[in-house]
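Chains as they are written, first to last, in this note's numbering: chain D, 1 to 482; chain E, 1 to 381; chain F, 1 to 124.
These are calculated hints, taken from the structure and not from any lab test.
Remember, it's a predicted structure, so these values are computed and weren't measured experimentally.
Beta carbons: idealized from backbone N, C-alpha and C, even for Gly.
Some hints could be false.
With a straight-line Cα cutoff of 27 Å, these simulated DSS-like cross-link-like pairs (lysine-lysine) come out [said to hold, decoys possible]:
hint, chain 1, residue 1, chain 2, residue 2
1, E, Lys142, D, Lys44
2, E, Lys226, F, Lys104
3, E, Lys144, E, Lys96
4, E, Lys94, F, Lys23
5, E, Lys269, D, Lys194
6, F, Lys104, E, Lys107
7, D, Lys194, E, Lys277
8, E, Lys83, F, Lys116
9, F, Lys116, E, Lys118
10, E, Lys118, D, Lys44
11, E, Lys58, D, Lys423
12, D, Lys44, E, Lys277
13, E, Lys83, F, Lys68
14, D, Lys43, E, Lys174
15, D, Lys421, E, Lys83
16, D, Lys166, E, Lys285
17, E, Lys227, F, Lys68
18, E, Lys380, D, Lys136
19, E, Lys277, D, Lys269
20, E, Lys144, D, Lys43
21, F, Lys116, E, Lys63
22, E, Lys193, D, Lys43
23, D, Lys142, F, Lys68
Over 12 Å on every C-beta distance to chain F, these chain D residues come out as not near it, computed from the model [to be verified]:
hint, residue
24, Leu54
25, Arg290
26, Ile394
27, Tyr439
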Amino acid sequence: MRDFLVTFETFFNNAIFYYALFVMGSYVLLTLLSAIEMSGYMKKNSYVNYREILVSPLAPSVSILAPAFNEEATIIENIRSLLSLHYGNYEVIIINDGSKDSTFQRMFDYYQLEQVNFSVDYQIKCNEIRGVYKSKLPSFSKLTVVDKVNGGKSDALNAGINVSAKDLILCIDVDCIVQEDAILKLAKPYLEEKYQVIATGGVVRIANSCRVEDGKLIEVNMPRNLLPRFQVLEYIRAFLMGRMAWSRLNGLLIISGAMGLFDKNVVIKVGGYDQNTVGEDMELVVRMRRYMYEQDRRFKVVYIPDPLCWTEAPADLKILGRQRNRWTRGTIETLWMHKDLFFNPRYGVLGMLSYPYWLFFEWLAPIIEFLGLSVFILLASLGHINWEFSLILISMVYFFSVALSTVAILFEEMSYQQYTKGKDLVKLLLASFLEPILYHPLTVFWAVKGNIHKFRGKNNWGAMTRKGFKDQHISTETEQMT
Amino acid sequence: MNFFETFFDYIKETYTERLLYFPSNIRVSLLIILFCVVATLELYLYMAFRRLRQANEKLKFEKWQEYISNMLANLIIFDESDKTEDIVGHFYPKMKKLPLRNPIVNKLLISEMLVYHKNFTGKIEEVLSILYRKLGLDQKSKQKINNRNWEIKIEGIREASEMGISEIASEIIKYTDDENALLRMEAQAAYIKLSENDPFHFLDRAQERILDWHQVVLFEIITKNKKLSIPSFSKWLHSPNDTVVLLCLKLVEHFMQFDAAEEVERLLKHHNSRIVKKSVEIIGKLELSDAEEHMFEVYFDQPEEIKLEILNALGKISSGNYNDFLSSRIYSNHIRIKREALYAIKRDPEKGESRLRELYHQTTLENQALIGHVLDNRIKS
Amino acid sequence: MSKILIAEDEVLMLKALEFKLKKDGYQVDVASDGRQAMDKVRENTYDLILTDIMMPFVGGMEILSYIKNDPIKNATPVLLISAVGLENIVLEGFRLGADDFIYKPFNLNELSVRIKRYIKQNVF
Numbered sequence: 001m002r003d004f005l006v007t008f009e010t011f012f013n014n015a016i017f018y019y020a021l022f023v024m025g026s027y028v029l030l031t032l033l034s035a036i037e038m039s040g041y042m043k044k045n046s047y048v049n050y051r052e053i054l055v056s057p058l059a060p061s062v063s064i065l066a067p068a069f070n071e072e073a074t075i076i077e078n079i080r081s082l083l084s085l086h087y088g089n090y091e092v093i094i095i096n097d098g099s100k101d102s103t104f105q106r107m108f109d110y111y112q113l114e115q116v117n118f119s120v121d122y123q124i125k126c127n128e129i130r131g132v133y134k135s136k137l138p139s140f141s142k143l144t145v146v147d148k149v150n151g152g153k154s155d156a157l158n159a160g161i162n163v164s165a166k167d168l169i170l171c172i173d174v175d176c177i178v179q180e181d182a183i184l185k186l187a188k189p190y191l192e193e194k195y196q197v198i199a200t201g202g203v204v205r206i207a208n209s210c211r212v213e214d215g216k217l218i219e220v221n222m223p224r225n226l227l228p229r230f231q232v233l234e235y236i237r238a239f240l241m242g243r244m245a246w247s248r249l250n251g252l253l254i255i256s257g258a259m260g261l262f263d264k265n266v267v268i269k270v271g272g273y274d275q276n277t278v279g280e281d282m283e284l285v286v287r288m289r290r291y292m293y294e295q296d297r298r299f300k301v302v303y304i305p306d307p308l309c310w311t312e313a314p315a316d317l318k319i320l321g322r323q324r325n326r327w328t329r330g331t332i333e334t335l336w337m338h339k340d341l342f343f344n345p346r347y348g349v350l351g352m353l354s355y356p357y358w359l360f361f362e363w364l365a366p367i368i369e370f371l372g373l374s375v376f377i378l379l380a381s382l383g384h385i386n387w388e389f390s391l392i393l394i395s396m397v398y399f400f401s402v403a404l405s406t407v408a409i410l411f412e413e414m415s416y417q418q419y420t421k422g423k424d425l426v427k428l429l430l431a432s433f434l435e436p437i438l439y440h441p442l443t444v445f446w447a448v449k450g451n452i453h454k455f456r457g458k459n460n461w462g463a464m465t466r467k468g469f470k471d472q473h474i475s476t477e478t479e480q481m482t
Numbered sequence: 001m002n003f004f005e006t007f008f009d010y011i012k013e014t015y016t017e018r019l020l021y022f023p024s025n026i027r028v029s030l031l032i033i034l035f036c037v038v039a040t041l042e043l044y045l046y047m048a049f050r051r052l053r054q055a056n057e058k059l060k061f062e063k064w065q066e067y068i069s070n071m072l073a074n075l076i077i078f079d080e081s082d083k084t085e086d087i088v089g090h091f092y093p094k095m096k097k098l099p100l101r102n103p104i105v106n107k108l109l110i111s112e113m114l115v116y117h118k119n120f121t122g123k124i125e126e127v128l129s130i131l132y133r134k135l136g137l138d139q140k141s142k143q144k145i146n147n148r149n150w151e152i153k154i155e156g157i158r159e160a161s162e163m164g165i166s167e168i169a170s171e172i173i174k175y176t177d178d179e180n181a182l183l184r185m186e187a188q189a190a191y192i193k194l195s196e197n198d199p200f201h202f203l204d205r206a207q208e209r210i211l212d213w214h215q216v217v218l219f220e221i222i223t224k225n226k227k228l229s230i231p232s233f234s235k236w237l238h239s240p241n242d243t244v245v246l247l248c249l250k251l252v253e254h255f256m257q258f259d260a261a262e263e264v265e266r267l268l269k270h271h272n273s274r275i276v277k278k279s280v281e282i283i284g285k286l287e288l289s290d291a292e293e294h295m296f297e298v299y300f301d302q303p304e305e306i307k308l309e310i311l312n313a314l315g316k317i318s319s320g321n322y323n324d325f326l327s328s329r330i331y332s333n334h335i336r337i338k339r340e341a342l343y344a345i346k347r348d349p350e351k352g353e354s355r356l357r358e359l360y361h362q363t364t365l366e367n368q369a370l371i372g373h374v375l376d377n378r379i380k381s
Numbered sequence: 001m002s003k004i005l006i007a008e009d010e011v012l013m014l015k016a017l018e019f020k021l022k023k024d025g026y027q028v029d030v031a032s033d034g035r036q037a038m039d040k041v042r043e044n045t046y047d048l049i050l051t052d053i054m055m056p057f058v059g060g061m062e063i064l065s066y067i068k069n070d071p072i073k074n075a076t077p078v079l080l081i082s083a084v085g086l087e088n089i090v091l092e093g094f095r096l097g098a099d100d101f102i103y104k105p106f107n108l109n110e111l112s113v114r115i116k117r118y119i120k121q122n123v124f
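Please model the entire structure based on the sequences and the hints provided.
Right under this line is the structure:
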């Protein structure tokens, strides 16, 4: 037994070491890729005049789809800011997903709506649409309101797709603060890529403590609370580094549910959003990619690093935990639904790279970490731990993650530099020291909890999705780095 | 104090005497730690340095910006009746005195002159063009165009194009078919503005694709530039470069060039479906009723997207020859086809709506709902 | 002395317009984005408003529609500056009650004559 424990300890140390080395190596690679992609984008983009596309009759037409469920407090203002985006040919479709409060009545009164004889072509299955409304006032002619029976976020988006009359659909969370040039920047790749673009995604940034007036972002500030501040760091890392690199590889799997522009025809062909998963945003992109591979068509999913969408991040441990729990479940469900992609060469980058990465890093990494920690505690309690070696290994992971976060902050500094105040920069750098100790263990805990929930109560979910999506502020997976 | 001393001693020992005696994985870990710490510290230094430099540059920039923009704003006080030479004579010495070797000043002056030139017409535009040359800035733009770096080339091309330095059109032409898409587009855009006798010559030699984005930009330039003499674009409709054909189709449509009708009809049989679609659209827009027959001929072989476009075009032409065909479309299995056909019927300004009402009484409930939809003018199609 | 508000996000243009209109003898107020402009419009009364259509935060159209829906201020002439020749924007502008459109590039002296005309009309 003693001998076994000693061998096991050596094995355990080695396992941790090589696993860490592998993970760190991947991150270094991704960082390099994103650096190339970022600098390319910045250089190219500084020569673009977006006004041309704004006025051109040749620009693609866009429908904004924003599902609303119990949003009475902010709906009027949210719609107003959506109507004032800078773009020529677009419409705004608000889908009232059977709200239980006065969301619909408020829209009806303020925008002077009236029902029109809309005959809906149910190209994608969705719950019954009770009515389609337009405003009597000419200044709100871009607005359409769809009133439907409650069915959850995916169902609401599907209803919106059925009503949309444009080529592209911009799916957003209605309470996001959308930058005025968002459509312009997201639509541009559809006009310039050699291959068909099927989707473009935008960055999500955190609006906590920022100054917002009339639904517009006036001043960017670092969140005062530590929890959202950690998320700022997490988002910068995930969006500026992770996704940029995946975009470079043309293997991007998720477009955040808070903001994504899709080719409507392809979305309809694949059957729209899936209602059986809580990770509908990731699942849709995977399905669209699959479809394109199966059709043998060359395509791209593009990602725009500009800060186009700002959202309030959960500042409450309970809500954040719920969000992460749901993300984990969404990841598992998506991976499970498309398990045949695993190292399947038929699906190119998707099957050989993106899928395995997601499986190993997004799903398994927290579990492995959790197991590692448990074994460590077990060994320690048996007195079989070389404390010095263990501490060195842990320090390596710690300092690597601090360095990685610092590089991410450097990317932000060299690109958009949203946090202009020096004080905010220092705060962010300090957060990068605390994050691996304070915040990261929480995310691991939530992820593990999500796994447990998923594998224990398979039947719970239907009910859960139907609850609406009030706390789904940003239904997106941020890649957890280390 | 004591704690720190022991701590530093420990680290020192770990990295010196003891380093070689660790197992290899721990040794590598130690080295990685060292690397990460050093890298992080260096990044801090770099970021701090960068912020300081930024602040410093911003200060300088603001100072010069204030000065230069005030100077240029003085252009406003002159009147149309003042002599051009007098105004130039007033500004030239002042500008000459600026330290143009300073990159900030150089950049600011050029960019501000360009903004004024772009936004104002009349005396201001004229005076700025003269000053630009007198200050030798046109030569600098030319040098930029011959720089090896594509970004700098683009900068030069933009300056020359805005300031109307037409003698460099002949130098720009070689970039209109460059491999670099951005450079190619800028060169094409500038060439249209600058070439005096043949602004569309680049279309003859275009082998590279003109991306959709570039088509948007070129379309804007061509359609908004009042000084440009517009050729008949049908000439390029048989270009082997599909993107040239597409751009020219868009221009034929915009300028309503009826002389291209025959060519457009021919393109209905083109292998590129985007070209077919655009051709159908033009036939509708220009109401080329002679082409109706051809569209009908190809209708049943087309994918849905083009079928929809053909129905739309038939509606725009509204000759009445295909009324029965359009009405029979409501038996199609595809709602989009039905809807488009109904809209096409509605387009007939005299009888359209009454025919829809007639149809309403003879058809299924589902189709009745669709007809209701089509007749509702509050819904934009 | 007649009071004019200029709203334009391009600082250089703003400065040029300010110079010109001051020289023409008006009292000039400036706003470099739509939000500033909106605040000023709410608090003051002007004899004429000259605004760009595309500005950060609040567009010229919103300022226009605020003015034209205000029972007291709705007689204030509003001139929209635009680089945009898109028909539906112009149509929307006129529908919301815009008094005139100025297209970039434009001639400053012509602008000054137009402004004079609108201000005179308003006096009578």
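Each hint, compared with the structure:
no. : hint                 : verdict
1   : E:Lys142 to D:Lys44  : holds, 22 Å
2   : E:Lys226 to F:Lys104 : holds, 13 Å
3   : E:Lys144 to E:Lys96  : holds, 21 Å
4   : E:Lys94 to F:Lys23   : holds, 22 Å
5   : E:Lys269 to D:Lys194 : holds, 24 Å
6   : F:Lys104 to E:Lys107 : holds, 23 Å
7   : D:Lys194 to E:Lys277 : holds, 19 Å
8   : E:Lys83 to F:Lys116  : holds, 24 Å
9   : F:Lys116 to E:Lys118 : holds, 24 Å
10  : E:Lys118 to D:Lys44  : holds, 23 Å
11  : E:Lys58 to D:Lys423  : holds, 18 Å
12  : D:Lys44 to E:Lys277  : violated, 31 Å
13  : E:Lys83 to F:Lys68   : violated, 42 Å
14  : D:Lys43 to E:Lys174  : holds, 23 Å
15  : D:Lys421 to E:Lys83  : violated, 49 Å
16  : D:Lys166 to E:Lys285 : holds, 20 Å
17  : E:Lys227 to F:Lys68  : violated, 37 Å
18  : E:Lys380 to D:Lys136 : holds, 13 Å
19  : E:Lys277 to D:Lys269 : holds, 20 Å
20  : E:Lys144 to D:Lys43  : holds, 17 Å
21  : F:Lys116 to E:Lys63  : violated, 35 Å
22  : E:Lys193 to D:Lys43  : holds, 25 Å
23  : D:Lys142 to F:Lys68  : holds, 20 Å
24  : Leu54                : violated, 7 Å
25  : Arg290               : holds, 39 Å
26  : Ile394               : holds, 47 Å
27  : Tyr439               : holds, 33 Å
Going down the numbered hints, you'll see the structure goes against 12, 13, 15, 17, 21, 24, while the others check out.
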